[in-house]
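Visitor: Construct all of the structure, not just a fragment, from the sequences and the given hints.
The numbering of the sequence shown is this note's numbering, which starts it at 265 and goes up by one.
Hints should not be assumed to be uniformly reliable.
In silico DSS-like pairs for lysine-lysine, Cα to Cα no more than 27 Å straight-line [unchecked claim]:
(1) Lys566 with Lys543
(2) Lys332 with Lys412
(3) Lys332 with Lys482
Treat the hints as calculated values from the structure; they're not laboratory data.
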Amino acid sequence: MPRSSGKRLVIVADGALHIPFAMLPDPTIGPGKPEQPLIVGREVVSLPSASALAIQRAELAGRPPAPKLLAVLADPVFDRQDTRFAKPSAEPDSPAAQLINGDNARRLEHIARPVKDSKSGVITHRLVIPRLPYTRQEADSLLALAPKTESLRALDFSANRATALNPELSQYRYVHFATHGILNSERPGLSALVLSLIDEQGKQQDGFLRANDIYNLKLPAELVVLSACQTGLGKEVRGEGLVGLTRGFMYAGAARVVVSLWSVNDRATADLMAAFYQKMLRQGERPAAALRAAQVEMWKQKQWHSPFYWAAFTLQGEWR
Numbered sequence: 265m266p267r268s269s270g271k272r273l274v275i276v277a278d279g280a281l282h283i284p285f286a287m288l289p290d291p292t293i294g295p296g297k298p299e300q301p302l303i304v305g306r307e308v309v310s311l312p313s314a315s316a317l318a319i320q321r322a323e324l325a326g327r328p329p330a331p332k333l334l335a336v337l338a339d340p341v342f343d344r345q346d347t348r349f350a351k352p353s354a355e356p357d358s359p360a361a362q363l364i365n366g367d368n369a370r371r372l373e374h375i376a377r378p379v380k381d382s383k384s385g386v387i388t389h390r391l392v393i394p395r396l397p398y399t400r401q402e403a404d405s406l407l408a409l410a411p412k413t414e415s416l417r418a419l420d421f422s423a424n425r426a427t428a429l430n431p432e433l434s435q436y437r438y439v440h441f442a443t444h445g446i447l448n449s450e451r452p453g454l455s456a457l458v459l460s461l462i463d464e465q466g467k468q469q470d471g472f473l474r475a476n477d478i479y480n481l482k483l484p485a486e487l488v489v490l491s492a493c494q495t496g497l498g499k500e501v502r503g504e505g506l507v508g509l510t511r512g513f514m515y516a517g518a519a520r521v522v523v524s525l526w527s528v529n530d531r532a533t534a535d536l537m538a539a540f541y542q543k544m545l546r547q548g549e550r551p552a553a554a555l556r557a558a559q560v561e562m563w564k565q566k567q568w569h570s571p572f573y574w575a576a577f578t579l580q581g582e583w584r
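Guide: Encoded structure:
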């Protein structure tokens, strides 16, 4: 990598270069000094293509900010066995097990688990998408930073597809999803965020917010954060970069999107996001600078020092 003393590194990746540049060793560090990742000395921002920024800035020029501050959709209910469901079901097949036979079948394998029968101890064929307990902590941390009159708290059963598709979501400057993500690199329109798969009555519902759905949204947010696994990946289209969830939200009007490059740790992500939003909403930092500062803060902690815990997340789009 060529040496650079600038404060920002803008990446237009192609092919095998879709990698976490933030974690690469800083080449400007002299001999005999401890290595440090690039993110310590500069912001790292990604763009889908060389022309994307100019086009995006032209489209965003003069656009008024959304009137409300923050919408959080997090900690959905995936299964009738969830303790939040008033009448736990003993049925052998869950919504997740039935939906797993659909378009996203293989994509669910990395988040769905076989279940052991509580009475017999036998592992059954039923598959359950596990709850992510720290997404609740994450949501509470973020919502504590925003006035109730300017925020949307869509947790539990309310973290559903209908909420995500509601035009009301366009009223928020920051839109945050904390849940499981599904990657479909062959059919990127089927890449999805997993929201509540059952309603409060236990009725099955479509809980997949697919990239195809997102392209049809009008979401003029300053920032959309996809706090889930592999949300920054997609199908490689030569000259256009990766096509998937990121492209969908930018097409819908988001000025910038924060996404992940691999399966992330639940607890570490909650800590990272809390620091990220603290720096934006309380300290007034721009998203690119706030993400960098939060990642450096994680890197300095012994518990989260490994890039695995913080380097997955990257900002795509406008850095100003």
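Visitor: Does each hint fit the structure? Answer for all of them.
Guide: Cross-check of the supplied hints:
1. Between Lys566 and Lys543 the CA atoms are separated by roughly 21 Å; this keeps the pair inside 27 Å, and the hint holds.
2. The suggested pairing of Lys332 with Lys412 holds, with an alpha-carbon distance near 10 Å, which does not exceed 27 Å.
3. A hinted pair counts as satisfied when its Cα atoms are at most 27 Å apart, and Lys332 with Lys482 qualifies at roughly 15 Å.
Consistency with the previously given hints is maintained throughout, with no hint failing.
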